[in-house]
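Colleague: Respectively, the protein sequence lines represent chains A and B.
The first sequence: position 24 = 23 (numbering that gives the first Met the number 0), numbered continuously.
The second sequence: position 245 = 244 (numbering that gives the first Met the number 0), numbered continuously.
Certain hints may be false.
[Said to hold, decoys possible] As a list, the in silico EDC-like pairs of lysine to aspartate or glutamate whose alpha-carbon atoms are at most 20 Å apart:
no.	chain 1	residue 1	chain 2	residue 2
1	A	K57	B	E440
2	B	K435	A	E85
3	B	K120	B	E277
[Claimed, not checked] Using C-beta positions, here's what the derived DEER-type ranges look like:
no.	chain 1	residue 1	chain 2	residue 2	range
4	A	Q61	B	E406	48 to 54 Å
5	B	R64	A	A177	22 to 28 Å
6	B	R64	A	G239	45 to 51 Å
7	A	N50	B	R416	23 to 29 Å
8	A	R155	B	R363	53 to 59 Å
9	B	R416	A	E106	55 to 61 Å
10	B	L410	A	S226	25 to 31 Å
11	B	E436	A	I248	55 to 61 Å
It should be emphasised that the hints constitute simulated quantities derived from the structure, not laboratory data.
Heads up, the beta-carbon is just placed ideally off N, CA and C, and yes, glycines get one too.
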Amino acid sequence: MFDAFRTPDNVLVVGGSSDIGLEIAKALAKRGSSNFLLAGRNIDQMASCANDISSSSKSRCQVAVVHYDASHENSHGHLLAAAKDELKTLDYAIFAVGLLGDQLNDEKDPAKTKEILDINFTTQAMAILEVANYMKEQGFGHIVVISSVAGVRVRRSNFIYGAAKAGLDGFSMALGDALAGSGVGVTVVRPGFVKTKMTAHLSAAPLSTNAEAVAKATLKATDAEKSSVYVPFAIGIVAGIYRHLPRKIARRVPF
Amino acid sequence: MGVGNQTSFGGTNDDTLSFNGEAQRNVMTNELISGWGRTQWVRSQIERASTSEEVRDLVQSGQKRLIPRGLGRSYGDAAQLSGGISLLLDEPSTDPIITDGRTTLSAGYSLDNLLRRIVPKGYFVPVTPGTRYVTLGGALASDIHGKNHHLEGTFSRHIESFAIVTPTGTHLVTENSDPDLFNATAGGMGLTGIVTDMTMKLIPIESAYIKMETSRLRDLDETLATMAGSDHKFRYSVAWIDLMARGSAMGRSVLTRGDHALKADLSPQLAQDPFKYEAKALADAPSFIPNGLLNNLTVRAFNELWFRKAPSYRADEVSTIAAFFHPLDMVGKWNRIYGKKGFLQYQFVLPDGKEEVLREIIERLSGLQVASFLAVLKRFGPENDAFLSFPKPGWTLALDIPITNAEIGNLLDELDRMVLLAGGRIYLAKDSRMSKEVFEEMYPKLDRFKEVKARVDPNNVITSDIATRLSIC
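Just chain A, with the same shape it has in the complex (with noise of 0.2 Å):
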């Protein structure tokens, strides 16, 4: 259940091992959640996880582990039936799977760009839809999306990235209008470049950010019953510019 602070009880975190699913559930363990399932691939990476989300908590809380791979078949249904078994109700879930790629060897290799396409697009909106439908028969919940500036223009430097984010973005925003009324809420998060392990082997882009910041925005915008927040708030407005910029100019810029 959700307290008058909008603090949820029982999280679900999908992306377990993912830095901004991590921080997430830090800041809500520091306020007072007492039970999280972490769902991901690295068990051994999420069992660490577990211990930081522990070791912030406030009072007495329960970390558990199980492991999804999104790509094995009836996964979504596999991970609802864990999360039913862990956590007394589903409150809040944080869809935070992402797989950035390589953009210039995935475009020449239909296989990977499919898994770019499946992990971050197809098979987290099965998942978030067999979450959204649960949340809607218990009569709440709320739902978190981690989105990308990326899929706001998909730009030629990480299109096959973008594209899936756009359409997750697009999935999910429309989902929360489909629930709208329903006591389930969804929340897409837009962060710009977010310095975490996915991005370490980049530079960082202007306006880039860190996960802590990420989480503190999406507190924010839960507690709020935001639709949408962009991460650094700045880059919402760049990328509101950038999206309406004719394609002859947009190509150019360099980012």
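Dock chain B against chain A, hints included.
Modeller: Same frame as chain A, but now just chain B:
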């Protein structure tokens, strides 16, 4: 909307969805509902029943989980069940039959309706909270208290018997016939079953007025000393504390105390119609109010004005019942004034002898400058045997807190700890945020409650959001 709509739920997201008397009878709806604080919104199936047979069919079919809901005035998530049924009892339109000062009524009866019908006959309810928009069922489930707790205890002490439908049977319960079920149900947040009727002792009155004494008290010391010293001389007593006042004025208050006016106390004009009972809602709060309308400045200004308008001392003033007991009911839907994020009410009790803890808590609250309207301070009398009943002898403070950021939640967690260490507790009917651990420690008779719950509802058919949040059952 005016008075007629006052019986709609505490919070519905959409007025067109709210229940409106006969129009939607027997129509099951799925609504987004919340408590009075408008914080935890959930979808729940709204069902209505008008007879105990209908209640029995619903409860004992075991098809779906449910919780009774009255007028939605509990602040948090006590009267709602997300994904299940929130069950409302129809309010009968019949006049109460009073025999020997007792009356048997449907639990769906509201105090508002009841007072309109019994005050003109020379009777009053034994206990009323600060609003008359509660049902008798809700009053028993929260084991409510009023301004007379220091002398007359909680609501359940005036209930001789009640009929309750549980998943395992239907019972007529008195404190002697089944003390465990009685004491689990009084204050049991509706979790033992659906109370359908109850027999209540009324009190006779000579007029529809209150003879009132008002004292303006300059600080916390004076407030505490005055209340401890002479509350016992008054049937009703409550102090309104200005929590925005700091320094030497910290804890300044206006204490109002009184008793039912005798005929002889009335002016010749009022004496012509001593039982004339008027209780009007003047207007509704507007539906759109920006977050942050109530901020430090506006609330401070209001509190200052309100403190100064009170006489420094005035006795023998005659007030109406509505103005004395239910001043906030004059504004319909006043819970909207806190904006979209809603508000919570923090109410705790501290035992006698823990005045220094009370002082520290008030210092913390006034230091934080929580934009809180007047807080209410009251003395409680003896504790009763009900397992989850809130009052115990000492001091209770209640204050509204608008939801701004989660930081206030941390402060309240710290205050919870102070209250717990001092042997006090938090009121479930107001709670929307305490932790399970704190709750368990504050209510040592929780185990006895759970025993009864396991007996009458082994499958946990009757449950609620607060029950889940605090693991009550």
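Colleague: Any of the earlier hints contradicted here, and which numbers?
Modeller: Result: hint 4 breaks, nothing else.
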